[in-house]
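Starting from the given sequences, assemble the full structure and let the hints guide the process.
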Amino acid sequence: MAKHYNTVSSRVFDTANYIVLSVCALAAVLPFIFVISGSFATDAELTQRTVFLIPRTFSLAAYEFIFSTNTIMKSIGVSLFIASFGTLVNLFFTVTMAYPLARRNLMGRNVVLNLVIFSMLFSGGMIPTYLVIRELGMLDSYWALIIPGAISAFNLIIIKNFFQELPPGLEEAARIDGCTELGLLWRIVLPLSKPVLATFALFYAVGHWNDFFTALLYINDPQKWPLQVLLRQIVLLSQAAAGDINAMDPSFVKPPDQSIKMAVIVVGTVPILLVYPFLQKHFAKGVLIGSIKG
Amino acid sequence: MRKKEGKRKRLLPMLLVGTMAGAVIAGCSQQGENVEGSAGGASAAPAGTAGGSPAAEKALQLNIMLPIFKTNFPKDDSPVAAEIEKRTNTDIHFEWVPNASYTDKFNITLASGKLPDIMYVPDVKSPSFVNAAKSGAFWEIGPYLKDYKNLSQANPVILNNSSVDGKNYGLYRGRPLGRNGVFYRKDWLDAVGLQTPQTIDDFYNMLKAFKEKDPDKNGKDDTYGMVMVKWTGQWASGFDTIKLWFGSPNKWGERDGKLIVDYETPEYLEALKFMKKLYDEKLINQDFAIMDSAKWNDPLVNNQAGVIVDVVDGAARADDKIHAALAAAGKDQPDVHYMDVFGGVKGTDGQVRTLPTSGFAGLLAFPKSSIKNEEELKQILKFMDQLSEPEMQTLLGYGIENTHHTIVDGALVPSKDPALLESEVEGLNQMLSFIPEDKSTKVKQTPLRIKQLEVQKENEQLIVMNPAEPFISDVYTLKGAQLDNIMNDARIKFIVGQIDEAGFKDAIQLWKTSGGDDLSKEMNELFAGSK
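Going down the list, the protein sequences come from chains U and D. One rule links them: number in our numbering = place in the first sequence (from 1) + 85. One rule links them: number in our numbering = place in the second sequence (from 1) + 620.
If you're looking for bench data, these hints aren't it; they were derived computationally from the structure. One or more of the hints may lead you astray.
[Stated by the list, open to error] Only pairs whose alpha carbons sit at most 27 Å apart, straight line, appear in this in silico DSSO-like list of lysine-lysine:
#1 D:745 / D:1132
#2 D:725 / U:309
#3 D:878 / D:893
#4 D:878 / U:309
#5 D:695 / D:1036
#6 U:309 / D:734
#7 D:828 / D:1036
#8 D:725 / U:159
#9 U:159 / D:1036
#10 U:159 / D:695
#11 D:896 / D:828
#12 D:915 / D:941
[Unchecked claim] Just a sample of chain U residues kept apart from chain D, beta carbon distances all over 12 Å, derived:
#13 99
#14 109
#15 137
#16 166
#17 208
#18 213
#19 237
#20 246
#21 298
#22 300
#23 345
#24 367
[Unchecked claim] Pairwise CB distance ranges, derived in the manner of DEER restraints:
#25 U:138 / D:1137: 51 to 57 Å
#26 D:1141 / U:110: 54 to 60 Å
#27 D:702 / U:196: 55 to 61 Å
#28 U:158 / D:992: 37 to 43 Å
Being a predicted model, the structure only gives us computed values, none of them experimental. All C-beta atoms in this analysis are idealised placements derived from N, C-alpha and C, irrespective of residue type, glycine included.
Now the structure itself:
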């Protein structure tokens, strides 16, 4: 074993490996570090030095500015609510639909499954969906961000397949012990499905957290903007204005400072990054098991 | 027994699906009734406003959809909005939409048919607006304008520019027509011992001196002449101004009674050759084709370059940044202006020409679906007319005196509290038409800002109009982006030397066969029809 490490060619190979992987890792991490350190720099420094990892002058001005009003805090609250409550709704509906569909003896199972697959391939499009949401009276309501996407067809099928893989013997045994259908789902199936549930909770939560477009379309009241709409507004402001000078009012509108943009990106990204470590251990397991043949 | 068991096994899962679907439907319909009810109430209210004595007149209900550039916005009942409502006897509800996403929201609102009373239209030429306007979704306000004190003084050039086939489906939001020009580092020009350029050669000499004569006196060869930024299809940063100096038309020009596109004129090629010379001699930044326009001013502030061809009011912004950078280093001289401006330089024929803006930034349109009759329209136009009064413009632009600004020696000093301004004032000026012009009380004018305004005024006499500005072309709608890209690529390639004159001619040929000929034909038909 030790001999293996000592041959010249293997050492060269290892070194090359380390170098390539380090470069890849750095390429992934450096932009993050730049944005984080940029958010702590002064704007003057950002104008003069284009790339750096440690700011010369440490400044909290950008964070003071964005937290000087409660706008950001409020939208963080909105986003947290939608991500957590929305994910619960997602999981509830996805599981309660996937579980019956996993039963081969369910009447009309194939029809429902085909409908689900159909909805994966064809969608109504933006304007018809908007009209439906409007007629349902969900404009300006957080339901518009939660209900229309309550079940993702793709996630549903993977979860259904996972349920199907559970040994039928368990179910029989539970039933002989007098377990009801709901009890079966709650006490036997769900505890066994923790990895899959954790994985899809993360998928759904990240989806809600990053979603800005539905909020943009369906939420007219700026008091209810989630964080991403705000983030986009701040980050894109200078780009939208620079190409089309006419859109700007010359006297008033000026793009926000770079450091403020970066601080907002940090504030928008960090909370969801914090969720990863807690779900990560279930992650690979969840997706892999779920995707084994159907 | 066994049979029954089997049935139950199937029944329960089905029940689960059933209750789930039921819950969704119930949840939605309940929500639906609530919102429908309140919306119905709100839209019913304005119906009774017409007629009656002024004192007893009910406040005019207005829903206004506007873009917002900040993350804070004035709330419906914040002090300034309340003051506007009081002075105009209205009850206003603002629908703020983030500017970056305004177009999406605009299109979907248009498609949904449920429109506000006043709606900002970002792009008059966009197919969605043109189609809606042509099918009668918006009031044509042209004939009504003459009845109002301020609105009747609208600029005919801008009215024409902002029309759809000659008809005005909204009030334009006026902007200075002569906004484009040149700004440069004045301290550098003094350092190299030159005068403000008068001719194209002077301009070239200025750039050359900025590169070669060490204008920042640091003993290093680390400066260049002019900053250019990313060229997009329709927009070629400073080049659109420079080509006019050489006598090229502004996009479309009249030659022998026909419209001809600027690429085909020899003057345009002269301008391109000039740019190539600047590029070859490294007087402009070598990465101009990809330089981000958000960073346009940075090289000026960092003592790397000395000239920008853009809007003249950029001068004061760059000046402020230089002051800020120097102040951070403790070397600021607050009374010195580091920047100066001029409108343009003389062409070979001794004429000065400048690039106009379209003179407006979008329209404020009045949908027919929410404004049911002429009576209501007239009320709303009266409201818009009132907003053009100087004291109303000041109110909407700068807020209430002694709260959001103070007046010192007749000049306005805005509050130092950005959060206050953002949450109560900024954005309200988005609904100003500035017809006939911006008459609000001004912030104290530095000499540079006064000069900027003078240059803008002078420029108005020197502008080269684009005769095709009001035309709506079907060909351009379909193929415009592709056509623009062909010529944009060719321009950049010519300047950096990847193609020569023959190659540029080939690009024009490609442009013609890809739809350019159809576009020219259509433009000429529209042009003939407009005479």
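Status of the hints after comparison with the structure:
no. : hint                       : verdict
1   : D:745 / D:1132             : holds, 22 Å
2   : D:725 / U:309              : holds, 16 Å
3   : D:878 / D:893              : holds, 26 Å
4   : D:878 / U:309              : violated, 54 Å
5   : D:695 / D:1036             : holds, 20 Å
6   : U:309 / D:734              : holds, 20 Å
7   : D:828 / D:1036             : violated, 41 Å
8   : D:725 / U:159              : holds, 22 Å
9   : U:159 / D:1036             : holds, 24 Å
10  : U:159 / D:695              : holds, 15 Å
11  : D:896 / D:828              : holds, 14 Å
12  : D:915 / D:941              : holds, 12 Å
13  : 99                         : holds, 38 Å
14  : 109                        : holds, 25 Å
15  : 137                        : holds, 14 Å
16  : 166                        : holds, 17 Å
17  : 208                        : holds, 15 Å
18  : 213                        : violated, 9 Å
19  : 237                        : holds, 15 Å
20  : 246                        : holds, 16 Å
21  : 298                        : violated, 8 Å
22  : 300                        : violated, 10 Å
23  : 345                        : violated, 10 Å
24  : 367                        : holds, 25 Å
25  : U:138 / D:1137: 51 to 57 Å : holds, 54 Å
26  : D:1141 / U:110: 54 to 60 Å : holds, 58 Å
27  : D:702 / U:196: 55 to 61 Å  : holds, 58 Å
28  : U:158 / D:992: 37 to 43 Å  : holds, 42 Å
Hint compliance for this structure: hints 4, 7, 18, 21, 22, 23 are broken, all remaining hints hold.
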